[in-house]
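Visitor: Which chain is which? The protein sequence lines are A and B, in order. In terms of our numbering, the first sequence opens at residue 1 and continues consecutively. In terms of our numbering, the second sequence opens at residue 244 and continues consecutively.
Just so you know, not all the hints are guaranteed correct.
Some but not every residue of chain A turned toward chain B, in silico, with C-beta under 7 Å [claimed, not checked]:
1) Leu-18
2) Gly-19
3) Glu-47
4) Arg-69
5) Leu-74
To be clear, the hints were calculated from the coordinates, so they are not data collected in a lab. Just so it is clear, CB atoms sit at the ideal spot from N, CA and C, and this is done for glycine as well.
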Amino acid sequence: MKLGNPDLRSRLASEYVLGTMKGGARRRFEDYLKRDAQMRAEVEGWETHLTPLTGRLAPVTPHPRVWTRIEARLDAVTARASAEKKTIGLWESLAFWRSLGLGASGMAVALLTAMLVLKPVDQGPMLTAVLAEDNNVARVFVEQPKSGMLMVKMVAPWKTMNGMALELWVVPKDGPPRSLGLINDTGETKLVLTGMDEKLAGGLVFALSKEPPGGSPTGQPTGSVMCKGAIAHMPPRLPRSPI
Amino acid sequence: MATLPAPTPNALNERLAALLAQAGLGNRAAFADLYEATKSKLFAVSLRIVRERHIAEEVLQDSFVNIWNNATKYAVAQSAPMTWMTAIVRNRSLDIVRRPFLEVQDEDDFFAINMEDERPGPDDQLVARRDQVKIERCIKGLDGEQQQTISLAFFQGLSHSEVASHLGKPLGTVKTHIRRGLLKLKGCLES
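Model the full assembly from the supplied sequences, consistent with the hints where possible.
Guide: Laid out in structure tokens, this is it:
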């Protein structure tokens, strides 16, 4: 449901910021705000206008115990969440993807990876990954045949991209995803990039996001994640024994 | 601290935004600086709504834990850091406030103050003077009852019915004053 009447929208936003909206109505409005970016903008507009009124209030110094208690609460939270690294950027599901390395994406993908990997290894790839949707439908296969290059194969293309581009990302153990470039929505794409190996170093997961034509305007993923998959790094190839 | 020259609002905003960004990256020292720079203003905002110091202290605690947890999201907010943080404190105050006995302070004196005569101290620079002058000018353009009702609601966090009972006016009348006052305010602020 979206509130359509502009007068009503403006009135709700202003009464929310003013504070006359209370209790259940306030909580329902806050829930609604999560789904309506325009209304959030309206609320932020009122906040920007009304907050300077607080310039009239004389500052009052709070007791030092307030800061002590804040610190204690942060320490408690940090202790609980120490396993989960803080990530930057808008991609809030990073922690989840990183956990994919543990095989969370299911047997189908694991089997397919195994089949693709278990071939004669003398000229095998340096890494491989099968990128699947949340329902385990495998969409894309990625491998690195040699240093500085990635081959990306669309195994099961989407019916239509509606003019949107597909951008491939590598998600490292720590830090934000790194872009590897745009890929074709059908067939194979060869990605050749200077610094490719550095970008891939420590990579746990590949992910494909839907982006505006030309790719993400921010350098970080902005659109929905189409598919993703854990990276299998191959052990370094040893020279074949002459025997 | 007192020997430092008072920073301009813009420099201060940039500093607060930088501290928030650092807090978002998990920098506790930056977060402590952010608290020091804003605590007294934000405490005053909450105290005015919840009235009791121990409740305002709780509000400040909850709000700063919230600010720490959501600091990475500040980057996508369109507002100035002090606006964003004040909204968090006001929202928490409005959530937590329970008023079994309604003792409302009179806001009339507030509006009797001639703004031009006030000299803001360094702390008042947290609010850009230019923005404050604008909203004050627009508020002064409202009629007396609109000014009074909107001010009671904003500073003390009163609901329509609380404003009505404080002023001894019918609820419908108060709602009308506030609704028309906000509409007029919007017209003035956007002009």
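Visitor: Could you run down the list of hints and mark each one as holding or not?
Guide: Here's how the hints hold up against the structure:
1. Leu-18: Holds, because the Cβ-Cβ distance from A:Leu-18 to chain B comes to roughly 5 Å (cut-off 7 Å).
2. Gly-19: holds, 5 Å
3. Glu-47: A:Glu-47 check passes; min Cβ-Cβ to chain B is 5 Å, inside 7 Å.
4. Arg-69: holds, 5 Å
5. Leu-74: Where the cut-off is 7 Å and the nearest Cβ of chain B is about 6 Å from A:Leu-74, the hint holds.
Every hint from the earlier list agrees with this structure, and none is contradicted.
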